[in-house]
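Novice: Each chain, letter by letter, is given below.
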Amino acid sequence: MVIYGVALLSFAYLAGQVLGDLLGKLIGVKANVGGVGISIFLLLLLIEYLTKKGKLNIQSQDGLKFWGAMYIPIVVAMAAQQNVMAAVKGGPLALLAGVITVIIMFLLIPLLDKVGKKEDSHDLEEELIEPNLELKAK
Amino acid sequence: MFEVVYNSLMNNGLITAFAVIGITMYISHFISSRFTRGRVHGSAIAILIGLVLAYFGGLNTGGEKGLADISMFSGIGLMGGGMLRDFAIVATVFGARFEELKKVGLIGLISLLVGTVVPFIVGVTVALAFGYNDPVSLTTIGAGAITYIVGPVTGAAIGANSTVMALSIAAGVIKSITVMLTTPYMAKFVGLTNPRTAVIFGGAMGTASGVAGGLAATNPKLVPYGAMGATFHTGIGCLLCPSVLFLATKFIFG
Chain A
1 MVIYGVALLS
11 FAYLAGQVLG
21 DLLGKLIGVK
31 ANVGGVGISI
41 FLLLLLIEYL
51 TKKGKLNIQS
61 QDGLKFWGAM
71 YIPIVVAMAA
81 QQNVMAAVKG
91 GPLALLAGVI
101 TVIIMFLLIP
111 LLDKVGKKED
121 SHDLEEELIE
131 PNLELKAK
Chain B
1 MFEVVYNSLM
11 NNGLITAFAV
21 IGITMYISHF
31 ISSRFTRGRV
41 HGSAIAILIG
51 LVLAYFGGLN
61 TGGEKGLADI
71 SMFSGIGLMG
81 GGMLRDFAIV
91 ATVFGARFEE
101 LKKVGLIGLI
111 SLLVGTVVPF
121 IVGVTVALAF
131 GYNDPVSLTT
141 IGAGAITYIV
151 GPVTGAAIGA
161 NSTVMALSIA
171 AGVIKSITVM
181 LTTPYMAKFV
191 GLTNPRTAVI
201 FGGAMGTASG
211 VAGGLAATNP
221 KLVPYGAMGA
231 TFHTGIGCLL
241 CPSVLFLATK
251 FIFG
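These protein sequences, in sequence, are chains A and B.
Counting from 1, position 24 in the first sequence corresponds to residue 24 in the UniProt record's numbering; the numbering is continuous, with no gaps.
Counting from 1, position 71 in the second sequence corresponds to residue 71 in the UniProt record's numbering; the numbering is continuous, with no gaps.
Distance ranges between label pairs, derived from CB positions:
no. : chain 1 : residue 1 : chain 2 : residue 2 : range
1   : B       : Ile15     : A       : Pro92     : 33 to 43 Å
2   : A       : Ile103    : B       : Leu128    : 14 to 24 Å
3   : B       : Val117    : A       : Lys117    : 17 to 27 Å
4   : B       : Phe251    : A       : Ser10     : 44 to 54 Å
5   : A       : Gln59     : B       : Leu247    : 49 to 59 Å
6   : A       : Leu111    : B       : Asn12     : 44 to 54 Å
The calculated lysine-lysine pairs, modelled on DSSO-like cross-linking and capped at a C-alpha distance of 30 Å, are:
no. : chain 1 : residue 1 : chain 2 : residue 2
7   : A       : Lys25     : B       : Lys250
8   : B       : Lys250    : A       : Lys30
9   : B       : Lys188    : B       : Lys103
No lab work stands behind these hints, which were simulated from the structure alone.
Computed from a predicted structure; not experimentally measured.
Here a beta-carbon is modelled for each residue, glycine too, at the ideal position from N, C-alpha and C.
Can you make the complete structure from the sequences, with help from the hints?
Specialist: Next comes the structure, spelled out in structure tokens:
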């Protein structure tokens, strides 16, 4: 059933939230530390385990796939509720601090990438999510 | 008549949000394929439209949550809020490979530290250039350059004034927006095409919404790896800024 996939996702998500909050409390920080990361890690393990056991049928997978596919629209909704006004009002100081940081971090990424690199990680081909206009025309 | 429609949309906020975002995505993909021949990614255009809508939302209401402050569009707040965003990010892991994550480890940790300290130094330097010289303001603005959550959390902890807090949040929001909009173009130049680099990118850039938006428009398959790095960023920032980094700033400029 589809709900099994959604429930599996919810379980991993909630466990990550709880552990992230606990980790935050443990090191005395008023924030969730690594909640999403822990959830991702847990779900990855659960999927591997259940797939090996043959317990994750197509419908359960659909429950997971649906929410994965909703990710981009959700990010658009997230963009639509950013405090863009504050960013504009912050003026040149905020603009410079934000933009210079991003430029420098982009320059550092290839350097960080070289550190401790043993074997090449395989490139992932881009997923086709553009609407197929040729098909639609037919 | 108008009031009835308005109330119906308001009372069904989340569903209204699905419809509004659906239309936005359709328009964005239409613009992408017709006017840019797919060169500018549909998702990137959709995010840009979202940000423009957020600006007008803020302009109309004076609120902090963009379009979501207009009551008819309040469902956008739920749809794009932290809960569903993180839920959907976790779901993207379906199809990700476990071995790829295992390869990261130490470099992920190094990226996190670099991604905390370097933005902090940049923020402090810019604040100095604009005439701030007290350690509390410098630290708060420096923290804002990490993420817009680390900024106010740090500011509140060390007692910054509201103007500095607002600047700090603004710096973080601009960082996030810049990452969302530039990542698809920078990806090829910095080698952001594989899981390992995506974890480094997430850890170094930090800003969860920026990384989420940027990778969505670059290659959705990289999202779980980027999120893995970014998820620890705010926590580490909130840990280091009011403590070690504040003391260091105080030592140098105090």
